[in-house]
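Asker: Here is how the chains run, residue by residue.
There are 2 protein chains.
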Amino acid sequence: MDIGIVGLGLIGGSLGLDLRACGHRVLGNSRRQETCQLAVARGIVDDAGVDLTLMAEAEVVFICTPLSVIVPTVEQLIPHLQPAAVLTDVGSVKTPIVEALTPLWPNFVGGHPMAGKAESGIEVAQSSLFAGRPYVTTPVASTPPAALEVVEDLARSLGSRLYRCSPEDHDRAVAWISHLPVTVSASLISACISEPDPAVLSLAKQLASTGFRDTSRVGGGNPELGLLMAKYNRLELLRALQTYRGQLDQFIAQIEREDWSALEQQLTQTQQARPDFLEFD
Amino acid sequence: MDIGIVGLGLIGGSLGLDLRACGHRVLGNSRRQETCQLAVARGIVDDAGVDLTLMAEAEVVFICTPLSVIVPTVEQLIPHLQPAAVLTDVGSVKTPIVEALTPLWPNFVGGHPMAGKAESGIEVAQSSLFAGRPYVTTPVASTPPAALEVVEDLARSLGSRLYRCSPEDHDRAVAWISHLPVTVSASLISACISEPDPAVLSLAKQLASTGFRDTSRVGGGNPELGLLMAKYNRLELLRALQTYRGQLDQFIAQIEREDWSALEQQLTQTQQARPDFLEFD
Numbered sequence: 001m002d003i004g005i006v007g008l009g010l011i012g013g014s015l016g017l018d019l020r021a022c023g024h025r026v027l028g029n030s031r032r033q034e035t036c037q038l039a040v041a042r043g044i045v046d047d048a049g050v051d052l053t054l055m056a057e058a059e060v061v062f063i064c065t066p067l068s069v070i071v072p073t074v075e076q077l078i079p080h081l082q083p084a085a086v087l088t089d090v091g092s093v094k095t096p097i098v099e100a101l102t103p104l105w106p107n108f109v110g111g112h113p114m115a116g117k118a119e120s121g122i123e124v125a126q127s128s129l130f131a132g133r134p135y136v137t138t139p140v141a142s143t144p145p146a147a148l149e150v151v152e153d154l155a156r157s158l159g160s161r162l163y164r165c166s167p168e169d170h171d172r173a174v175a176w177i178s179h180l181p182v183t184v185s186a187s188l189i190s191a192c193i194s195e196p197d198p199a200v201l202s203l204a205k206q207l208a209s210t211g212f213r214d215t216s217r218v219g220g221g222n223p224e225l226g227l228l229m230a231k232y233n234r235l236e237l238l239r240a241l242q243t244y245r246g247q248l249d250q251f252i253a254q255i256e257r258e259d260w261s262a263l264e265q266q267l268t269q270t271q272q273a274r275p276d277f278l279e280f281d
Numbered sequence: 001m002d003i004g005i006v007g008l009g010l011i012g013g014s015l016g017l018d019l020r021a022c023g024h025r026v027l028g029n030s031r032r033q034e035t036c037q038l039a040v041a042r043g044i045v046d047d048a049g050v051d052l053t054l055m056a057e058a059e060v061v062f063i064c065t066p067l068s069v070i071v072p073t074v075e076q077l078i079p080h081l082q083p084a085a086v087l088t089d090v091g092s093v094k095t096p097i098v099e100a101l102t103p104l105w106p107n108f109v110g111g112h113p114m115a116g117k118a119e120s121g122i123e124v125a126q127s128s129l130f131a132g133r134p135y136v137t138t139p140v141a142s143t144p145p146a147a148l149e150v151v152e153d154l155a156r157s158l159g160s161r162l163y164r165c166s167p168e169d170h171d172r173a174v175a176w177i178s179h180l181p182v183t184v185s186a187s188l189i190s191a192c193i194s195e196p197d198p199a200v201l202s203l204a205k206q207l208a209s210t211g212f213r214d215t216s217r218v219g220g221g222n223p224e225l226g227l228l229m230a231k232y233n234r235l236e237l238l239r240a241l242q243t244y245r246g247q248l249d250q251f252i253a254q255i256e257r258e259d260w261s262a263l264e265q266q267l268t269q270t271q272q273a274r275p276d277f278l279e280f281d
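If you read the protein sequences in the order shown, they are chains A and B.
Numbered per my numbering, the first sequence spans residues 1 to 281.
Numbered per my numbering, the second sequence spans residues 1 to 281.
These aren't lab readings, by the way, just hints derived from the structure by calculation.
Among the hints, erroneous ones may be present.
Unchecked claim - Label pairs and their computed distance ranges (CB to CB):
no., chain 1, residue 1, chain 2, residue 2, range
1, B, 246, A, 25, 51 to 57 Å
2, A, 119, B, 164, 37 to 43 Å
3, B, 276, A, 72, 35 to 41 Å
4, B, 250, A, 224, 18 to 24 Å
To be verified - Covered stretches of chain B, going by a simulated chain A footprint (3 or more residues, C-beta under 8 Å):
no., stretch
5, 176 to 186
6, 228 to 235
Backbone N, C-alpha and C fix where the C-beta goes; we use that ideal spot for every residue, glycine too.
When you get a sec, could you build the whole thing from the sequences and use the hints?
Answerer: Spelled out as structure tokens, the structure:
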């Protein structure tokens, strides 16, 4: 199959490596000529160019740009596409993308391969990044079943675990397990550095260990990613945050009124619930 | 030196291994005869017994029991102690312990070796558990300098990083970096499992990955430890929680009013601040 990849970063580059390994012909696009050259040199793509004309040869095109430029990229891409081409994206929020792209290209399938690394860019692209990881497709009523099947077959060939749900359910689920943790964790760092006594703050920094390290990790990550999550999944994130705030207030109330049996019960519940979220990870 | 260890769990057992390796004679005490036998068999102590009479031979005694029984244990121990014996504890909260024990035994020095493992008990005691880890002493105005020096010399011989501060500063610092993260993290798990749609909850569980895993780790830990922290460091934990809630509300307000530049600025600040807390870990 001839497969186009628009946006050659970590995700686009890693997709290229795996799809070529499966025997497909992969055509890449990047705004930067150096990235195109590197993609060809590293065997990530068969051919690549800075303009979108190459995409006329593709039967399937993966949009792997940052979330904020998916829609304008597709608007520029459409004049070059074959009428039967299947279009899919890899954005981490689905509702606004699916709502914008479905009217523009009927053969569009929203997708989200959930793999990543701390670093980004084509330099860190790698084989088998998606193996064993979730790949969510988010068809709507008008999504052609044949287009969905093409995307899911490719996702399966990457070794991913396939899930299929509505864009709204996807965004609500990732708000809980991916976007809420970022805000919760960032608030922890903000709270700690607001300690007014410099001697206590300095001591806290020197005593911090794995508990602080793990709980603060995603809140100390790339600010652009946190910003994009909040912008594009704003309503689901706010909903999760309000629920979180209610749970936090409940813990605070238990400690304030020294209701130790209620606190122990709730901590026992969180201990018991956590493994259900880690079954596949 | 003849050193007593009352309470032969992970901390007491690991102390015994290191102190014997330094050439000291180590005398252990546990309520359980099997633990005493195991401690002798594993070379953790030179001798051990279920009653406290053995402690009459010790020049320094480490109280390594759970936080909740430190004070009653010391009350039972005092009739057996040599008049010049130095007494110290390893409790993770210092103000209530130091306030209770200083009037009971003038030669008392509050201490907190900050090392641990996921598992507890003498079975997981190990050499060099404290090497490179913080060991905080919390003397007060009446603490004899000679007693403090004895405890700090022993802590230094374990390879620990020594810190000295007031019990109040210790408790405030650990509230930020150890006790607040537990509540923040437990609230995350509680919030996620309150999702009312079973399909979304099931999807969230299957999509959860490293971000959720790390942020939820300490909130899904041993409920007894979380409970003890809240009980014994209640006021400092509540103070930290109120500050945290203020920071969380600030994030929520930024997202509500779509103030993306303020959100980006705050996420940039948390990204920049985090490494200061991880310098030694």
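Asker: If a hint holds in the structure, say so; if it doesn't, say that too.
Answerer: Checked hints:
1. B:246 <-> A:25: 51 to 57 Å: Roughly 56 Å apart at Cβ, these two residues keep to the hinted range, so it holds.
2. A:119 <-> B:164: 37 to 43 Å: holds, 40 Å
3. B:276 <-> A:72: 35 to 41 Å: Given about 39 Å between the Cβ atoms, the range holds.
4. B:250 <-> A:224: 18 to 24 Å: About 20 Å separates the Cβ atoms of residue 250 (chain B) and residue 224 (chain A), which means 18 to 24 Å holds.
5. 176 to 186: It holds: at least three residues are needed, and the stretch 176 to 186 of chain B offers 10 whose Cβ sits within less than 8 Å of chain A.
6. 228 to 235: Three-residue rule met by the stretch 228 to 235 of chain B, so holds; n is 3.
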